[in-house]
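From first to last, the protein sequence lines stand for chains S and Z.
Under the working numbering, the residue at position 9 of the first sequence is numbered 9, and the numbers go up by one with no gaps.
Under the working numbering, the residue at position 23 of the second sequence is numbered 23, and the numbers go up by one with no gaps.
Note that these hints are calculated values from the structure, not bench results.
Each hint should be verified, as a subset may be incorrect.
Below are the SDA-like pairs computed for lysine to any residue, each with C-alpha atoms no more than 20 Å apart in a straight line [what the hints assert, rightly or not]:
{"#": "1", "chain 1": "S", "residue 1": "K42", "chain 2": "S", "residue 2": "G83"}
{"#": "2", "chain 1": "S", "residue 1": "K42", "chain 2": "Z", "residue 2": "E100"}
{"#": "3", "chain 1": "S", "residue 1": "K42", "chain 2": "Z", "residue 2": "V12"}
If you're wondering where the values come from, they're calculated on a predicted model, not measured in any experiment.
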Amino acid sequence: GESVGLHLPTLSVQEGDNSIINCAYSNSASDYFIWYKQESGKGPQFIIDIRSNMDKRQGQRVTVLLNKTVKHLSLQIAATQPGDSAVYFCAENYFYSGGGADGLTFGKGTHLIIQP
Amino acid sequence: SQTIHQWPATLVQPVGSPLSLECTVEGTSNPNLYWYRQAAGRGLQLLFYSVGIGQISSEVPQNLSASRPQDRQFILSSKKLLLSDSGFYLCAWRIGGPYEQYFGPGTRLTVT
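Put together the whole structure using the sequences plus the hints.
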């Protein structure tokens with residue numbers, strides 16, 4: 001299944017299909033992006049990251065694509081499994097207004113639901 | 001390896017009562033530490049971050065405060081809880097670059 005549009009709050013896919021979760025980021029100066037997975041009642045877990053000097057990075061069953069021209073980030077999950085059910089957040093690096101530190105700003109998340 | 005602990009896991013408190021949530025990190029030194037709040041079905045809102053002992057910065061003014069009495073200990077507090085303080089509180093740490101943060105298991109706070 002493929003999400004249409006950006007930042008869908010919920011994406012439902014069939015088990016075994018590929019999933020694509022999209023994210024739009026706001027700051028053209030951001031140079032580092034992360035995808036996190038958050039299962040119900042747990043803290044977010046790092047999945048994969050990508051730097052702005054790359055267009056694509058692959059991990060185990062996951063691929064992140066970065067399109068800097070349109071400030072768009074996507075996470076592709078191959079052969080989706082029931083354990084992939086979770087909320088997925090994208091994050092970009094961010095410089096705090098208070099100074100002295102930098103960190104991450106998070107998107108609102110997409111809930112991935114796996115249908116048997 | 002590094003681990004991060006938060007307690008309590010769940011907490012139910014009446015409006016107007018005080019709050020103290022604790023976060024500790026093991027296996028690393030001088031980490032950056034962060035407190036986030038997550039309302040039901042929502043994203044993560046950064047509340048506080050700290051780059052060292054006694055150094056606290058706030059991104060969002062609110063009814064909460066934070067302290068870092070030790071290198072690997074980060075505490076979130078309130079003198080009087082509001083209903084709007086309910087949520088899932090997450091602590092995270094980071095050391096060096098890049099920007100990846102590692103999250104604790106979270107504390108579910110319900111203010112009644």
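How the hints compare with the structure:
1. For the hint linking K42(S) to G83(S), the alpha-carbon distance of about 14 Å falls within 20 Å, and the restraint holds.
2. A hinted pair counts as satisfied when its Cα atoms are at most 20 Å apart, and K42(S) with E100(Z) qualifies at roughly 18 Å.
3. Proximity of K42(S) to V12(Z) is assessed by CA-CA distance (about 18 Å); at most 20 Å being required, the pair is judged to hold.
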